[in-house]
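Asker: For the record, the sequence lines run as chains A and B.
Under my numbering, the first residue of the first sequence is numbered 20, with each subsequent residue one higher.
Under my numbering, the first residue of the second sequence is numbered 125, with each subsequent residue one higher.
These aren't lab readings, by the way, just hints derived from the structure by calculation.
Hints are not guaranteed to be accurate.
[Unchecked claim] Within a straight-line C-alpha distance of at most 25 Å, the following computed BS3-like cross-link-like pairs (lysine-lysine) qualify:
#, chain 1, residue 1, chain 2, residue 2
1, A, Lys87, A, Lys61
2, A, Lys61, B, Lys133
3, A, Lys75, B, Lys195
4, A, Lys119, A, Lys75
5, B, Lys195, A, Lys119
6, A, Lys119, A, Lys61
7, B, Lys195, B, Lys138
8, B, Lys138, B, Lys207
9, A, Lys75, A, Lys90
10, B, Lys181, B, Lys207
11, B, Lys194, A, Lys119
12, A, Lys119, B, Lys181
Given next are the chains, with one letter for each unit.
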Amino acid sequence: GESVGLHLPTLSVQEGDNSIINCAYSNSASDYFIWYKQESGKGPQFIIDIRSNMDKRQGQRVTVLLNKTVKHLSLQIAATQPGDSAVYFCAGLSNFGNEKLTFGTGTRLTIIP
Amino acid sequence: DGGITQSPKYLFRKEGQNVTLSCEQNLNHDAMYWYRQDPGQGLRLIYYSQIVNDFQKGDIAEGYSVSREKKESFPLTVTSAQKNPTAFYLCASRQDTVSNQPQHFGDGTRLSIL
Numbered sequence: 020g021e022s023v024g025l026h027l028p029t030l031s032v033q034e035g036d037n038s039i040i041n042c043a044y045s046n047s048a049s050d051y052f053i054w055y056k057q058e059s060g061k062g063p064q065f066i067i068d069i070r071s072n073m074d075k076r077q078g079q080r081v082t083v084l085l086n087k088t089v090k091h092l093s094l095q096i097a098a099t100q101p102g103d104s105a106v107y108f109c110a111g112l113s114n115f116g117n118e119k120l121t122f123g124t125g126t127r128l129t130i131i132p
Numbered sequence: 125d126g127g128i129t130q131s132p133k134y135l136f137r138k139e140g141q142n143v144t145l146s147c148e149q150n151l152n153h154d155a156m157y158w159y160r161q162d163p164g165q166g167l168r169l170i171y172y173s174q175i176v177n178d179f180q181k182g183d184i185a186e187g188y189s190v191s192r193e194k195k196e197s198f199p200l201t202v203t204s205a206q207k208n209p210t211a212f213y214l215c216a217s218r219q220d221t222v223s224n225q226p227q228h229f230g231d232g233t234r235l236s237i238l
């Protein structure tokens, strides 16, 4: 079946450094991806999305890269801050209009002061 | 301030009891969703609704029920048939179902068994 997952369950990064969080997916028909940030006790917060006709998309301090050849996407966070500590997970949507987002299990990012 | 409001934040259920989790959105979104989150697992879809008075089962609908009588409201009932209800429940909404749009989430209800 279709799966979306993350490579590492935890990641520790020094404050001020850049973070890279990875995600792999299995369904080549996936055409829309979303990154979410979830802080403890809260709901997931939308960070950035990317459609399959793009390789890269930038937001404020974040960049998402999509490599359809190897079915991999990554979230890069520049100059990480203590407030970036959270669980990050990707979600993928297959087929235009399909209701079912498939979520990865998440990477817990810890920022070391 | 537009958003999704879930209540209560914490809920306790006794054996054999049904409980209802509230989800309200003022974003004028057509589609609404309920997910269950367990430690170490990705979000799993319980039910979703694309439009008022219509809803569909997700991947783990057994032991749950929903209604969608109003556009802004999508309550979830956890019935006594759900034998392992302890989890973090998340409600989400999306503008429509015909374009690639992100789902936006509420801050969840944590359900525990007494």
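Asker: Decide, hint by hint, whether the structure agrees.
Answerer: To see whether the hints hold, each was checked on the structure:
no.: 1; hint: A:Lys87 <-> A:Lys61; verdict: 31 Å, violated
no.: 2; hint: A:Lys61 <-> B:Lys133; verdict: 10 Å, holds
no.: 3; hint: A:Lys75 <-> B:Lys195; verdict: 35 Å, violated
no.: 4; hint: A:Lys119 <-> A:Lys75; verdict: 23 Å, holds
no.: 5; hint: B:Lys195 <-> A:Lys119; verdict: 20 Å, holds
no.: 6; hint: A:Lys119 <-> A:Lys61; verdict: 22 Å, holds
no.: 7; hint: B:Lys195 <-> B:Lys138; verdict: 30 Å, violated
no.: 8; hint: B:Lys138 <-> B:Lys207; verdict: 11 Å, holds
no.: 9; hint: A:Lys75 <-> A:Lys90; verdict: 14 Å, holds
no.: 10; hint: B:Lys181 <-> B:Lys207; verdict: 18 Å, holds
no.: 11; hint: B:Lys194 <-> A:Lys119; verdict: 22 Å, holds
no.: 12; hint: A:Lys119 <-> B:Lys181; verdict: 11 Å, holds
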